[in-house]
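K.L.:
Residue strings, one per chain:
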Amino acid sequence: MVKTLSDSLTYGKKILKPFFVLCVLLALSGIKTEVFAEKKGPEPDIKVGERLFFGLIPSGEGSASCVSCHAVHSGDSINWNPSAVEMAKVAAEMDLATFKEHLLTPTGAMREKVHVKYQLDDEQLFHLQGYLVQLSENGVEDAPISINKLLIFLLLGGLMTFALVDLIFTKKIPYKAIHVLIIVFGLSFQLKLVAHETIDLGRSQDYMPDQPIKFSHKVHAGDNKIDCLYCHSNADEGKSSGIPSAGLCMNCHQVVRNGTNSGQFEIAKVVDAYENNKDIEWVRIHNLPDHVFFSHAQHVNVGKRECQECHGDVENMHILKQEHDLSMGWCLDCHKATNVNFKDNDYYKTFEALHKDLDEGVRDSIKAADIGANDCMKCHH
Amino acid sequence: MKEYWRSLEDLLPAEEAPQEKKSSVVLSEGADSSSNSRRDFLKYFGFSIASAAVLAGCERPVKKAIPYLIQPEEVKPGTANYYASTFYDGAEMVPILVKVRDGRPIKIEGNDLCQMTGGSASARVQASLLNLYDESRPAQPTLDGNPIRWEDVDAKLLETLSTWDAEKEFVILTPSIISPSTKQLIHDFKTKYPFVVHETFDAYSYSALKEACHKGFGSAVIPSFRFDKAKMVVGFNVDFLGTWLQPTAFGRQYASARKLTEGQREMMRHVQFEPIMSLTGSNADERIPMSASDEGYYLSSLYMAVAQRSGMMVAAVKGPDAIDKVADELVALRGQSLVVSGTNDVSIQSLVLEINHLLQNFGKTINVDKPINLYQGCDKKFDALLSRMESSAVGAVMFWETNPLYHAPLNGRTKEAIKKVPLRIGVQSQQTETALVCSYQLPAPHFLEKWDDMELVDGVYTITQPAIRPLFKTRAPQENLMAWAGFEGSYYDYIKLYWKDQIYNADIAKGKQFETFWKISLRDGIVVDKNKKGASLTYSNINISSSTNNYNSPNSSNDLELVLYQTVPVGDGTLANNPWLQELPEPVSRVCWDNYVSVSPAFAALRGWSQGDVVDVNGLEMPVLVQPGQARNTLAIAVGYGRSNAGRVASDLGKNVYPFVELKNGHRSYSLPKVEVVATGGTYELAATQSHHSMEGRELVRETTIAEFLANPASGNETHAKVEKLHTSLYHEHEYKGHHWGMSIDLNSCIGCNACVVACSAENNVPVVGRNEVRRSHEMHWLRLDRYYAGDTDNPGVVRQPVMCQHCDNAPCENVCPVAATNHSSEGINQMAYNRCIGTRYCNNNCPYKVRRFNWYDYTGADTIPNNRVDPAGMTLDLKRMVLNPDVTVRAKGVIEKCSMCIQRIQDKKLTAKKDGRQLADGEIKTACQQTCPADAITFGDMNDPQSKISKLLKDARQYGLLEELHTLPSVVYLSKVRNKDKNKTLS
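These protein sequence lines map, in sequence, to chains A and B.
Read in order, the letters of the first sequence correspond to residues 1 to 381 in this note's numbering.
Read in order, the letters of the second sequence correspond to residues 1 to 988 in this note's numbering.
Next comes chain B alone, as it looks inside the complex (with noise of 0.2 Å):
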């Protein structure tokens, strides 16, 4: 068995192991600062039993309950309502169901009938709900700082329009608009007053890619890409499954390419070149740690090693061994294999497209004629706007939920330019840092409180819809452009008439009336028009004869070269202030509250430098964090933090390295060829997740290659037999006369997204504890995705393993609570009654998986003491507690918590089932966790019913249990890992 080490700590013997560092700011978050020693404490604990007796007795609360005057008939206390609406963020977008109870949307579901994600949802996705409650969205409109009614910005905004100078441009500013109803809005409000012009700019920029289409295709699309019918994949510094494009969908296609469930027995490739650890590196079969500054090189040679070998003549370059080894493989899967880089430049972008052009893969697996419509920003245009500004060309502009001066500060030139445009509008739904330079300030609802729609794809369209009334003083976009423009009724009569006039045929509604067809597209959230089809481009080969020179020979230079990135939960950083999101891992490293700069272990020895050591980055001063994997010379800092107005969580969380973004050959630059790093001398305590619970020299995950497998099934799975063999037992047997829960977890499909971490957060009310608390361990997910590394440091392989209460038979924990709050179910189920737990952690102690979380303070308002309460975040107020599950105790200081597979969501399913009067049906249930996954990694069902998919995979040659050796007999089982590659011959 291949030796797993958690973090580098754990290599080093145990004297040499570094001590905890810890910070040396002083941080105070409320936690520590409490004054009341344990002495005061028993002084009032005894006066505070004797007053609470009698005050108890004397105030019965009076609560009161008021009924609806009106019943609306679709709403029923207590029971969820769902609606079908979109997610979009001006970087992915998803169709979701929204959970609304009493009122409230409470979580948020991917919608089901979407085939792009089937139902998932990312871990942004789930995070946005809390967005909606956040305290420090706008809440009126401000002119210069001074609150001012709607119908006065009106009137003095159409005045302003009514007597505009028509030499100047009125600028309309936005992120990618897919929704058709808002363009043909903005092309009506152009028409109305042509001198307003729209321009669109993204948070990040995938311009390069537009560029290289456009020069291949003759039109500047972004092409679908399709994962699940490659066979092949190779990724050159890209992190498809985390952030580039479209996470959650290619999360769907990438696992479901690799599974080895139900029979199939085929699996996809996957080797990746990259810099950084990312997510989607840490999951490729084989990874190869290269240089940003190398990825010409790299993608040159491949070019030519693929050409060579399709019989073009080209003059033969001796490429990196693992390229030439990569070609044979792709040559041979020509049409079914895929080549993509996250990188934004031209020349790469260019080469990739004629990678994937010889290997014959437009049509198949790179799908152009139905484009997806993100990301229409091009930096050149942007570019240019900013000349104009300069110019004085442009007479005032309207920032309609962008923020270019936080995400291309372009050094200072943005500022600058901004500044020379008289009229300044800032149109936000949350603070951001273009606001502030902006006259008028003008809130926008959530996307949860707002009418909408999209069209992803060409005839995919998609209804965002209200699931509240807006909370705040709040107008959407689209409502201002109407009311300036003098037009009649709402935004949501102007959507229903474009959807009339523009998407209603008798074949997209199935012969229906328009009304009924509105009512269904509003139910299914998702309409799509089959006869729709996109302009069909062919490609003409792009000229890289100049990449193929430029990137003929590797870089000989020794620069520390900087590589900025995307975390998995924070993104390009519009949604940073939410506290689900901050408490969020990332997966890979496994810090939440900070970013830092990422090292390799090598230039970490070399330096003498280990994780907390402060540096200083191109004046820059951050945390180190030692990466394993990383490329030796290149340092890696992710962007989306040190936002300096975007709330009260993200606010000054972290460091701002978009003033590190320039523009390269007309695009933004996430990298850059050479930066200074010194030393400080000072430390600072990361907030990492990582050395916590450390289940070292144990087969935890287990994990074995594709011929191995497909000799063996069972082949890395040796032990479980051996186990299983043993299995006696001095306790008696549960016995299960109904249901028996269980869950099974695929590792090989697994992602790591961390999506299932939210999703669990958000359905269960899991505290979020904050920076301070993290430090201490006290972190309170109820599901953690463990993260392993195997191997040499410089280019470990990664397994990673989702692992939540194992609901164990023989639970440790049972056994030793002695007040019985901590109990088995007569279905399965290790119950927790956190009403009666009094707090001994004795169950915590002698819980061999760590998953049990004590509160050691109150987090979401809970207890009725001030002084037990940590809440950094802001999860005790009113507004926040909105997102709240009622169906779930929130549990307060003093207990113990943990997984209760959903307990609440069993019961609502059995009820349905009861109430019908017939069984209930395998896969009704499903559990948070398992709903959101992208990979359908999670299973989880009956193991009494044999016929359940549940019973199918526990016959699986592939499953074991978490430490099965103790004989805790768990009720969730895995799949063990499979690599497709081979033991023997690898590519590095």
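Chain A with its partners taken away, still in its complex shape (with noise of 0.2 Å):
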């Protein structure tokens, strides 16, 4: 999981917004009672509708609680179920009947598996979905975070103005080497922490949101054995590989219907995209900044790099991860490593001289950076 200061500022925020949300919400309750009085009808009780949700109120013999299959929070492992919020707004558009029926009467396997063993009546489904509704407004709360570097940076820094209060004025600690051992200690650990911050400005390794679809890359190119070029296939050809459209992913999707994994969900959201004409907006994980002029045909065509050399293990990948930081220093690292293509391809028949010197052995490889692959404007135009 990626950890930065990003997450502990959050939480920052996060104690900060139950108060406010409380606040707003007094301010409002008295409106909305009024709200609530004019609808006909009774109104969901949405705290019994969590609470069958969470499996605090039984559902069923043996049935497991909703939230043990779609997670209400998003998190770092792939849960092939669709999260409660997906699903919530699917729910909230059904009507009563429909919401029972596609609740418990399931198509699907996995749902089959699952659902039918709940037992719920009439009133306690029609107080879940009035929670499912609410969670579909109001979507999810993020994951609670763990201690993290800032909190340990903040720590540090209390306890070294302790130990420096104490060794100026309070002087209870009788040995000085505990004051200066604590400072020198939380002294370096924050300056590591500040170069190591700085360095990995604007870079994002080991990132990994995510996506709009539980798409797997293990499943496709690791257990389906698809080559990566049948839907990049631009890294063939052009600067970036391109992201393949929804009418490609649906050569298969036409026919395959019901994920190993996934259910129907997930591949029923493709086929909406392209029956609907709806964009898909993946999140874009690897980035250069605008200044990098990067080819992936360079690289994967003239240069026959295989991918994982620099997108990592994807076909291992339930979630796709950045595997390398894409810093300037590693591609220049590889660049001094590579061997070109030098026999094979006609083009660097240009290079007369290193032919040359291959042929008469002064050298035993002609590395990328020797024919100026790390010259500064073959990058930066």
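Hints in this document: simulated from the structure, not taken from any laboratory.
A portion of the hints provided could be inaccurate.
[Claimed, not checked] To give an idea of the interface, some chain A residues facing chain B are shown, with a C-beta separation under 8 Å as derived from the structure:
| hint | residue |
| --- | --- |
| 1 | 237 |
| 2 | 377 |
| 3 | 380 |
Glycine included, each C-beta is placed from N, C-alpha and C at the ideal position.
Join the two chains into one complex using the hints; note that each chain is given alone, in its own frame.
P.N.:
In structure tokens:
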């Protein structure tokens, strides 16, 4: 998981948020009741719905709680089932009868297995749907985060301040070595932290965001052994590798509608996008700064590099992750170490002197950097 | 060596040189208005560093990547597609290729299948791309200023047309229509509504030339001129390299006839008589200043002299000496010469035709059987239209991309006449003055958004095809007609049908089916029907006795004359709302963003004026520019400026002198025989790039004459051999194991049209800085065309030199960069890493060529800090930023930039070769400047390849490096200029 300063800062915001929400709620409570009062018919008890969802009210003999499959938090491990919010969005648009049918008389392998155990009466279903409607409107909170670097940073700061104060004024700890030790250790740790964070500014190694569709490279490239270039054919031709169009997905998913892991829900999203002209907004993972001009064709087509050299073990990734930091040093190091396909590609005949060196055994190989791969303007136009 | 001087100030001793004139008008364009002091900056600096460090860590911007749902087969993300199309702005027509990246047109190139232009394009063609992204374009149809839907427009006009009073005319006023389909459509429209009258109005008039041709050939045509077939060209007040008729094609012909490379040892001779210093005149081998009113006298003397030498019995008239000498030369080159004049006067044009007839040039250098279809307008017909309007015979007028209120106000007569027309419809792709008086304002698409076809010469068809979907709610004027006439389908269908019925035949399609032929035509953009021939016309003598009688003596009056001319960048003013064109310096005066009154040095001295003094010319207050070489009693002002409603950039820029244009003998006359001019006492600082970066007293441009060149090809270039002998270096030399890029510029071919400058700006995202910044010498062009004068101020010789980064092997800039942001590549390119640059400008100071440019502000919106921005022309708007080339970094404030030899193009072509597994072919990589050059003056290639064109040019005796005595070892070399004149015998 990516751990940056960001998480802790958002944590700070999180503490404030409930207060804010509470204030707003208090202020609005008067208005709210009025609005509800105007509506006809019974109101769902959100609390009961929520308890049902989290399994605090039993929902049937031997059945699992909803939340055990439909996670309310996004996370770094893949959960093939639709998330609570996605599901809530679907449920929010149904009337009660459809919702009931959808929930209790399931289709699809996974749902059949699990949902069949549910025994919910109409009233419970009504409350449950009420909760889901609310969930679809409000979304879920981000996953709580663990203690992290900023907290350590602040803790050390506090500790050092305490040591300093004690050293000069209060003098409660008799051994000065302890103060010094705390300050030295604290300072060096803080400096190291700052240095690392600064160097990593703008880089995003290990970035693995949630995607709008739970697409697994492992299933496609690993298990089903689809060639990378089948979907990313542009990598052979152009600068970018290209993200396959929904139309390309449909080449297979015209037929394949039931996923090994995800069931029908995720594939249905692609079909829906394709049939109803909806864009699929993938989250871009590998980003280079605007002043860097990288060409996939040069590396994949000409250089005959394997995709995995830069992108890591993609065929084993359920959630795609940025393997390397994509820093300039990383590029240059590779250029210095990689042999050019000097003999097979006629383009390189231009380098007559180097060919002579090779023939005469002066050199045993030509590295990319030897023929100017590390010139500034090769990548920075 | 000649004494070259850059501007008049250089001729004066240092203490006399006038101090730089500051504008008496306070101008603010934002740059100076910032109240932040250095101290504030430091205060914020500390805080922002701290906060940036924290903030940068906390928010990772989530970037979305949204693929196509169904990806079109031909579209590959990040790979450009090229579409063949045609540029036509009512003046010039050039077949083009449009480079489209991810759905956006980002560059225009000439279509290399066109034999006329050979893949070149002019500055205006290059710049027309930016008009597409003009935020001032009319965005939706309006009726009396209120937005209206197209359906409602159609409904209302259908009703109007169906209940039309047949007594009244419904006039469609178009520029010259060279589209055969549109002509047919207008014809069909007229058949449907017989009261419709089609009239043609050209923004700049050449109707006298047509009338003279009508007299001589019985058909009002504009002949094709073949400068490449002439061994001698004599021009009278004509700027055929800059603005006259087809400058791109003429520039190419002209340069090809004067090249001295590849063994060619013969060169066309060019003599020019003119009142102002035009681009064409500045290229002439010999140029004689002549006042506009004397043109008739000069031409009639030439006619007499040629007639006499042709054995005709004519009265002996003593003409100017130069004319006699020219006549001798012309007569010796019968059938291989060409005399042209740009004056819109029938008697002048008749004289020119008669002279060419005597010289037997018809069918050789002038072809009337293949006339060009441009400029079909006739001023006499326009005059008649105005009369009909005045007599209320016209019930409606539709201004179809025409702007007569601006181009021909005719003392307010046009306005009054138009006001008498009850229904006025403006169909415009840009804001115009005429649209303001129209009740219906119907936006038309830019030419890159629509379908059309063109037939420049009979049988040569080109296609205009859209390269982007319309950005605004526009509709092609042709589609308007189709909607109002109730024709089925779109204009595209109409064109295709027309092509199927009228153009397609087995010969032209080489036996292919129509659909295949249509696809091939779309791909090529140009189709030639060799069997289609124009009517063969025979010449019958024009009676010019009245002209020769009228013009038998020089003008004796001492009146001040005013000449109105088109500048190379702005032309007639149609495309004026274009930042690239406004920023482009006029090739001779090197002034941009304004027009001005140019006066001769003698006259300026007489009145005690210098550049920047504001004078009043017939009520118009304008700054003075002293122009060496101008006829003594002549003032000159450029048209195309002073637009009152053109959009954000061009409105109120300079002064409008079209009101000075009057009908003379039925044709619009672009000169006034008498004007009054007085100084107002004010001053105005012109934005000139002229006395910047002065490089005096050194052999920058080397020059020789043809005779000396033939005797010794290295003549004029003796210094090169001397410098070569001294070649030694303390530095160790670079070793280029693969490519070694180099460029050669043939100064003898370069005509100074400045197309390369705009092409470079478009290709490399070069910022537009605006008038105030140019005044502060902050212009950013990577490539400039230096212009030097030599000899006396009344009639100086002119040389010019394109200068860009010379990519020195011993680059002075590289040594001084403290952060190694500029260094040498393994292929000989002087690299500039923008993201590494910290803006010390040491390199700029150390560069002897002054080709490095510093981003004093953020001109293109690369920064996130709004205070850094200087944006006089809207170049930071999202719409205009769509023109940016995604393969080139947009530079932020505080970094140096300069010519990269179009490294992105080099990389692209290298990659193509690598993918194909073959060696790069010579000439495969073309830099932007090279590709657009009509004169083919620029050669780029691999100096390590002994077979390449550049390697051969490096062995040319005329080759030298700029400031080579400094031992910078530039990779850009120049070929010296050769003049086709005798050193000892001159005309004047």
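K.L.:
Determine for every hint whether it applies to the structure shown.
P.N.:
Against the structure, the hints:
Interface hint at residue 237 (chain A): satisfied, since its Cβ lies 6 Å from the closest Cβ of chain B, which is below the 8 Å cut-off. The criterion of a C-beta within 8 Å of any C-beta in chain B is met by residue 377 (chain A), whose closest approach is roughly 4 Å, and the hint holds. With 8 Å as the threshold, the beta carbon of residue 380 (chain A) comes within range of chain B, its nearest partner Cβ sitting at about 5 Å, so the hint holds.
Going through the hint list in order, the structure satisfies each hint without exception.
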